[in-house]
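S.K.: Chains as they are written, first to last, in the working numbering: chain B, 4 to 260; chain E, 4 to 260.
These are calculated hints, taken from the structure and not from any lab test. Treat the hints with care, since some could be wrong.
Remember, identical chains collapse to one label, so a pair may be satisfied in a single copy or spanning two.
Stated by the list, open to error - Mimicking SDA-like on lysine to any residue, the simulated pairs with C-alpha atoms at most 20 Å apart in a straight line are:
#1 Lys48 <-> Arg198
#2 Lys89 <-> Tyr197
#3 Lys245 <-> Glu159
#4 Lys147 <-> Ala208
#5 Lys245 <-> Gly157
#6 Lys48 <-> Leu78
#7 Lys147 <-> Pro15
#8 Lys81 <-> Asp137
#9 Lys253 <-> Asn212
#10 Lys147 <-> His130
#11 Lys48 <-> Asp82
#12 Lys253 <-> Glu159
#13 Lys245 <-> Glu36
#14 Lys253 <-> Gly157
#15 Lys89 <-> Glu36
#16 Lys245 <-> Ala163
#17 Lys245 <-> Gln164
#18 Lys245 <-> Pro170
#19 Lys253 <-> Ser160
#20 Lys81 <-> Ala163
#21 Lys253 <-> Gly146
#22 Lys253 <-> Pro170
#23 Lys245 <-> Ser160
#24 Lys253 <-> Gln164
Source: prediction; values computed, not measured.
2 protein chains.
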Amino acid sequence: MNVLIVYAHPEPQSLNGSLRDFSVQRLEAAGHEVQVSDLYAMQWKATLDANDSTAQPGDRFNPSLDSQQAFAQGLQSKDIELEQEKLLWADTVILQFPLWWFSMPAILKGWVERVYAYGFAYGVGEHSDVRWGDRYGEGTLAGKRAMLIVTTGGWESHYAQRGINGPIDDILFPIQHGILHYPGFEVLPPFVLYRTGRVDEARFAEACNALGQRLDELEQTSPIPFRRQNAGEYEIPALTLKPDIAPGCKGFSAHIE
Amino acid sequence: MNVLIVYAHPEPQSLNGSLRDFSVQRLEAAGHEVQVSDLYAMQWKATLDANDSTAQPGDRFNPSLDSQQAFAQGLQSKDIELEQEKLLWADTVILQFPLWWFSMPAILKGWVERVYAYGFAYGVGEHSDVRWGDRYGEGTLAGKRAMLIVTTGGWESHYAQRGINGPIDDILFPIQHGILHYPGFEVLPPFVLYRTGRVDEARFAEACNALGQRLDELEQTSPIPFRRQNAGEYEIPALTLKPDIAPGCKGFSAHIE
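Extracted from the complex, chain B is given alone in its bound form (with noise of 0.2 Å):
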C-alpha cells in the first residue's frame, strides 16, 4: 500500500521526529511505499494568496474562483501540484501534528487550504438544489483511508467529555469530518498521545508498541462511521439531518452514525 505522511513539526530530534520515523520504519517494514511530506523541511508556503497561480494577476483575488481557474488550466504553483499528485498516489494518508491552540499548526492548515483546491477538494461534483456536490464521503479522495497521529501536552483527563479543553473527538471533529471526510477520506480513529513533556523511555516504548499495532492494521481497522450527505440522511440543499434521523441529537456527534 502506498502511504503518505504529512508532518508537521519543526524539530527533527523531537518527540514527533522520533514518532514520524518509528512510523516510516514499521511501516516500510510491513512491505508499504512510504512517502513523507515534511512541510518545516520543505519550508512550506503556509499562507494562501495570489502567488499560488502562474496566471497573470486579475483586479482582484478571489481565493475560490483564482483557485479554480488554476486548477482547470494547469497553472497552479508547483509544490502545489506535487502535493495532490502525492495524495491521488496515496491509498492512506496520516497526518502528523502536535495540537497546538486545539488545532493544526499553521503549516499544516496552509498545506490543507492550498492544496485543497476548488475543482480538486471542493466545488466537486453538481452543485444544484438537488445536489450539494460530491462531498462528505464522495469526492476526488474518495476510497482512500486517513488518520490523525497527534500530540498534546495536556492531560488525557483535560480532554475527556468533562474536561476543560472539551473532548478530543469534538477538538478533532472540523479536521476529520471537515478536511477528511469532506474529500471522501474513510477516516480512522485517531491515535493521540498525551502529555508529552513527561515522556520518557518506558511511555515512549509504551506509545511506539500502540502506534506499530494502529499502523499494522490500517487497512482493516473500522473508520469513523461519519453520515454521508448524499446517502439520503440529509434534506437537500438545507443539508440538516431529516427529522427521523437520529431525532433529537444534535451537535458533532448527530454526523456520525
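Go by the hints and put chain E onto chain B.
M.R.: What follows is chain E alone, placed relative to chain B:
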C-alpha cells in the same frame, strides 16, 4: 476605548475588506481608537520556528521552552513584540476572518502561535497539583473583551444544530474558548455572515446594519459565560468538571454556565 482588529483576508476589495473598512469607520465615529493588524498586508510570518527568537540557536528547537526564554529575556522577534504590545494596549480585540476549512486561515493561526508566547498567553501563574496556571478566565489579557467576525460560504442551516458542518458555536469553540477565554478575554457572541457568495447591495447593507449595532454595543454586550478554571468548578489537576457541576452534561457546552 482602544480596539484592535486582527484581520486575515488576502484581498482588500473583498466582502471582508468592506466589512473591515466599515468597522473601522463605525468605531472611530463613536470615538474609539482603532488599530488594525492586517496580516496579509503586513506579510505576517505564519510559521512558528527557531527564528522567532534572536537567541543563539541551541541544538534542538523546543517550541515552548524557546518561546519562554525569548519572552522572559526580551529576545523575541520584533514583529511578535509589536503584536503583544497591541494586545496590551487594546480594551477589545476583534479577530476577523473568512472560515476556511472550518477554522481560521493559516496566517491568523500563525499569528496566534507566535504572538501567544509562553509567559504571555500560556504558562502564566503557578502550575502545580493544586493550581493549574492563570488561564481559562484569568491571565495576561483578563479584563479585556474579544469578539469574532466570521464569514462563511455555507448557509446558516449548514451550521445549524443538525446542519452537516456542525453547529457554528461548536466549530468556533476551540477559538472562542481555547484561544480567547484561555488567556483571560471575556468573549462576546460572534458576528457571523453566511452565504458570502450571495451578498448583493441589500444584503450588504443589512449586514452592516447588524454589525454596526454589535460594534455600538461592544461595551454592554454580555459575554459568553464560559466557566472559570480556578473558580472551584473543576477538579485539579484532572481539570474535569466536579460531579455536582452540570451533572450529566458533557462536551463543549458543559463549559458554559
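S.K.: Which holds for Lys245 with Pro170 at a C-alpha limit of 20 Å: within a copy, between copies, both or neither?
M.R.: Close across copies (16 Å), not inside one copy (26 Å); limit 20 Å.
S.K.: For Lys253 vs Glu159, is the C-alpha pair at or below 20 Å within one copy, between two copies, both, or neither?
M.R.: Answer is between: at 15 Å across copies they meet the 20 Å cutoff, but 25 Å inside does not.
S.K.: Regarding Lys48 and Asp82, is the shortest C-alpha distance of 20 Å or less found within a copy, between copies, in both, or in neither?
M.R.: both (9 Å within a copy, 19 Å between copies)
S.K.: At 20 Å max between alpha carbons, let me know whether Lys147 reaches Pro15 within a copy, between copies, both or neither.
M.R.: neither (28 Å within a copy, 38 Å between copies)
S.K.: If the cutoff is 20 Å on CA atoms, where do Lys48 and Leu78 land: within, between, both or neither? Let me know, please.
M.R.: For Lys48 and Leu78, the Cα distance is within 20 Å only inside one copy (17 Å; across copies 25 Å).
S.K.: When no copy is specified for Lys245 and Glu36, does a C-alpha distance of 20 Å or less occur within a copy, between copies, both, or neither?
M.R.: neither (42 Å within a copy, 48 Å between copies)
S.K.: Please work out whether the CA atoms of Lys147 and Ala208 approach to 20 Å or closer within one copy, between two copies, in both situations, or in neither?
M.R.: Cα proximity of Lys147 and Ala208: none, with 29 Å in one copy and 45 Å across.
S.K.: Are the CA atoms of Lys253 and Gly157 at most 20 Å apart within a copy, between copies, both, or neither?
M.R.: Answer is between; shortest inter-copy Cα gap is 18 Å, intra-copy 27 Å.
S.K.: Between copies, within a copy, both or neither: which fits Lys245 and Gly157 at Cα up to 20 Å?
M.R.: Between copies, since 18 Å is at most 20 Å while 38 Å is not.
S.K.: Checking an output row: Lys81 and Asp137, CA cutoff 20 Å. Within, between, both or neither?
M.R.: Answer is neither: 26 Å inside a copy and 45 Å across each miss the 20 Å cutoff.
S.K.: When no copy is specified for Lys253 and Gly146, does a C-alpha distance of 20 Å or less occur within a copy, between copies, both, or neither?
M.R.: For Lys253 and Gly146, the Cα distance exceeds 20 Å both inside one copy (28 Å) and across copies (33 Å).
S.K.: Classify it for me, Lys245 with Ala163: is the Cα-Cα distance of at most 20 Å met within a copy, between copies, both or neither?
M.R.: Classified as between: cross-chain Cα gap 13 Å, same-chain 30 Å, threshold 20 Å.
Hint compliance for this structure: hints 1, 2, 4, 7, 8, 9, 10, 13, 20 and 21 are broken, all remaining hints hold.
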